[in-house]
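> So you can see what is in the structure, the chains are spelled out below.
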Amino acid sequence: MTLDQPKYKTTDEVDFVVIGSGAAGGIIAKELSENGYRVVVLEQGPYLTEKDFIHDEIKVLNQDLLTNHPDLQPNTFRKTPDEKAKRQRAVAYGRLVGGTSTHFTANFWRFHEIDFHERSKVGPVPGAALADWPITYADLEPYYTKVEWEIGVSGLANASPFDPPRSKPYPMPPLPVKSGGVIFERAARKLGWNPFPAPMAILSQPRPGRSACINCGFCLGFACEVGAKSSSLATAIRMSEKTGRCEIRPNSYVHRIELDANGRATGAVYFDEKRDIQRQKSKAVVVCANGAETPRLLLLSANKQFPDGLANSSGMVGKHLMFNSGALSVGVFEHPLNDYKGFAVSRVLHDFYELDPDKVGFHGGGGLDARFDMTPINFALGGLPPGSPRWGKGFKDALSHNFTRTVEILCHGTSLPVENNSFSLDPDLKDAWGLPALRMTYKDHPDDVKLSNWLNARAAELLEAAGAEKQWSYPAGEQEFSVHLLGTCRMGNDPKTSVINSDHQTHDVKNLFLCDGSSLVTSGRGQPTMTIEALAFRAGDRIRALAKRGDLSA
Amino acid sequence: MLAAASHAHQATQSASPAKFEFFSGEQAAEVDAVSARIIPTTDTPGAREAGVVFFIDRALVTFAKDNQKAYGEGLPALRARVRELFPTIEKFSAATPEQQDQVLESLDEQSGGGGRRPFRPNAGAQSFFETLRAHVVMGFLIDPESDKHGNRDGAGWKVIGRVNEHMFQPPFGYYDKEYPGWQPIPATVDKTNS
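As they're listed, the protein sequences go chains A and B.
Reminder that position 475 of the first sequence reads as 475 in our numbering, one-by-one numbering, no gaps.
Reminder that position 156 of the second sequence reads as 156 in our numbering, one-by-one numbering, no gaps.
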């Protein structure tokens, strides 16, 4: 981790401070440092490496070894703005170098064309602030390809008839199919649907310094100990370090961005590991702190010029929060699948990506995947069919029978943007550093819940066609917790209705850029990280072009 | 396996306090007896053979410190419930397995509940029975490489059929064994399908 890393002084005015080292921050740091700029990446979490990545479910999942800790950084939640928010965990994200990309599922679908111009194509949706993106799928296509090749995505081009056009095939074949994937594929084809090998940001073939997936089975929620999962840690961060111009500074919790008299960002103010306050000077600032922490940081940075939050003249910072809707059906089969081996997902289908609202009665669309993402303890405490014995011989027998025979069909879908759904600062609760806690306000648009249940009915049909010996579905309700944190500093051409322009530059502060889940205008159909990374490659290009023209110092 | 089982059993019976960091020998024997009804020994090992009581003892001085009070109050309440149901029996570990099951049934408010999997099971927020049940499951199924106290000899993983290895090669299971490889779908598809 210290390989070739420079150590900048906080008083050195570096070219860029990048706040956050996850999916977006890693790639932006790489793009800027590889092109000659001096970069400091400030990451609030620790710098862990492969040797730290263990299979201990309790430490990793229950004690938040890799994630934001609810005791140190508590959240509050309410459904609507007229309620008082209660303390409850509302978000989970990776809090370490590499961010959430270290522990994600690694489902890497591209968004489709529809996701960028849904507002024009399907018209306004009552109760939603649906908007077109200022860029199109075609603008982003070259960057999707860059993600696949530079970061490493396994998949099979054109295997899905619904895939948007692509300029290049995947750099490596799909991961092996799992038994659950075979069951899914056969049943879906029986129903006339079009299952295909899941595109995954996990290596099916080794790359320099990284192993191909060894199918250890501790994947979703865990960080990869052989570097097969294409996290920022295993990819972009290491590439940034090799430039000799990029310093990764962990345990640096940024809580304020300050402006000079000309309204220009001067760097970032943060708590270091000892909770002493430091100020890193820079010519420009790029915030990639995720869809929760990016708007929170802007709100924490309110000043005289921006009393409602930095770069928030529109009032849109923190608003239009989207999660992605979701629903789950589960099947148990006659013979062992052993889907506990390997990564989570091997087959997907996109037949329902663009549903016709006139036919189904709601807006949106989605995809289904076949997965098994439960590790043994989680499975025993929550993976058995409803009504199963909870202790005694019956419990033990159910565990013995079901653990190897269970597959889940997860439905992923649209979240419509609703202005009231937001992140804001809690007026009462503070975190362990004395900063206002993150408050979530969220109530799913009714169409999102209808969509989830509609997709879940397809998942149930699929399990029936597959001949499951037992199957059940969890009805989808309104969500109160998420790991997909989207849309809270949305991109747009109009400074009155959006926070950043299509260059990821804030409308209000010329040398302040935002790129992460907060930039998204629509939620897509469930898998945002691929798009966040494509945006980050594109933002890197745009920021460099502006820097070359001297547009950052105005 | 048998050695570990007999070791665990002896340790709980010997009432030697040095073996435990949190429990007294007597408390350990009670917890051990409850664990053996939650995941009983059948033709395959149960919680006792997996050393679950040692896992819980260790947990209560490490990650589950917050649950010390729950055990401190829960174990006397368990004994009280035993006496209430079976006045001649002194403690849980002295009851027959059938009697023990009756006691646990009376404590399990959610029997037959099932329910959606939790993202992060939080044992602390629940009743003592629920806390204990979660701890027994954890001690039975924790990754044996990560934890030296629970899941002895990988006993729990053997029971659920999880092979205790670090890497796997396909085929993984029954249904992918005969998979002929990916075949494209020949028919053209109507994109407006819904």
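Simulated from the structure, these hints should not be mistaken for lab results.
Think of the CB as a built atom: it goes at the ideal place given N, C-alpha and C, for glycine as much as any other residue.
Mixed in with the good hints there might be a few duds.
[To be verified] Straight-line alpha carbon distances no greater than 30 Å define the calculated DSBU-like cross-link-like pairs of lysine-lysine that follow: (1) LYS283/A x LYS450/A; (2) LYS510/A x LYS496/A; (3) LYS86/A x LYS19/B; (4) LYS69/B x LYS510/A; (5) LYS281/A x LYS548/A; (6) LYS393/A x LYS158/B; (7) LYS69/B x LYS59/A; (8) LYS59/A x LYS148/B; (9) LYS430/A x LYS274/A; (10) LYS69/B x LYS393/A; (11) LYS450/A x LYS158/B; (12) LYS19/B x LYS470/A; (13) LYS69/B x LYS86/A; (14) LYS281/A x LYS510/A; (15) LYS91/B x LYS430/A; (16) LYS65/B x LYS359/A; (17) LYS91/B x LYS9/A; (18) LYS59/A x LYS91/B; (19) LYS86/A x LYS190/A; (20) LYS65/B x LYS274/A; (21) LYS242/A x LYS146/A; (22) LYS283/A x LYS7/A; (23) LYS121/A x LYS430/A.
[Said to hold, decoys possible] Here are some chain B residues the structure puts well away from chain A; computed CB gaps all over 12 Å: (24) GLY25; (25) ALA59; (26) LYS69; (27) GLY74; (28) PRO87; (29) GLU130; (30) LEU132; (31) ASP153; (32) HIS166; (33) TYR174; (34) ASP176.
> Are the hints correct? Go through all of them and say.
Hint by hint, here is what the structure shows:
no. : hint                : verdict
1   : LYS283/A x LYS450/A : violated, 47 Å
2   : LYS510/A x LYS496/A : holds, 16 Å
3   : LYS86/A x LYS19/B   : violated, 43 Å
4   : LYS69/B x LYS510/A  : violated, 55 Å
5   : LYS281/A x LYS548/A : holds, 20 Å
6   : LYS393/A x LYS158/B : holds, 16 Å
7   : LYS69/B x LYS59/A   : holds, 21 Å
8   : LYS59/A x LYS148/B  : holds, 14 Å
9   : LYS430/A x LYS274/A : holds, 18 Å
10  : LYS69/B x LYS393/A  : holds, 29 Å
11  : LYS450/A x LYS158/B : violated, 41 Å
12  : LYS19/B x LYS470/A  : violated, 44 Å
13  : LYS69/B x LYS86/A   : holds, 25 Å
14  : LYS281/A x LYS510/A : holds, 16 Å
15  : LYS91/B x LYS430/A  : violated, 46 Å
16  : LYS65/B x LYS359/A  : violated, 55 Å
17  : LYS91/B x LYS9/A    : violated, 66 Å
18  : LYS59/A x LYS91/B   : violated, 34 Å
19  : LYS86/A x LYS190/A  : violated, 47 Å
20  : LYS65/B x LYS274/A  : holds, 25 Å
21  : LYS242/A x LYS146/A : holds, 19 Å
22  : LYS283/A x LYS7/A   : holds, 17 Å
23  : LYS121/A x LYS430/A : violated, 43 Å
24  : GLY25               : holds, 24 Å
25  : ALA59               : violated, 8 Å
26  : LYS69               : holds, 17 Å
27  : GLY74               : holds, 15 Å
28  : PRO87               : holds, 24 Å
29  : GLU130              : violated, 9 Å
30  : LEU132              : violated, 10 Å
31  : ASP153              : holds, 15 Å
32  : HIS166              : violated, 6 Å
33  : TYR174              : violated, 4 Å
34  : ASP176              : violated, 5 Å
Checked against the numbered hints given earlier, this structure breaks hints 1, 3, 4, 11, 12, 15, 16, 17, 18, 19, 23, 25, 29, 30, 32, 33 and 34; the rest are met.
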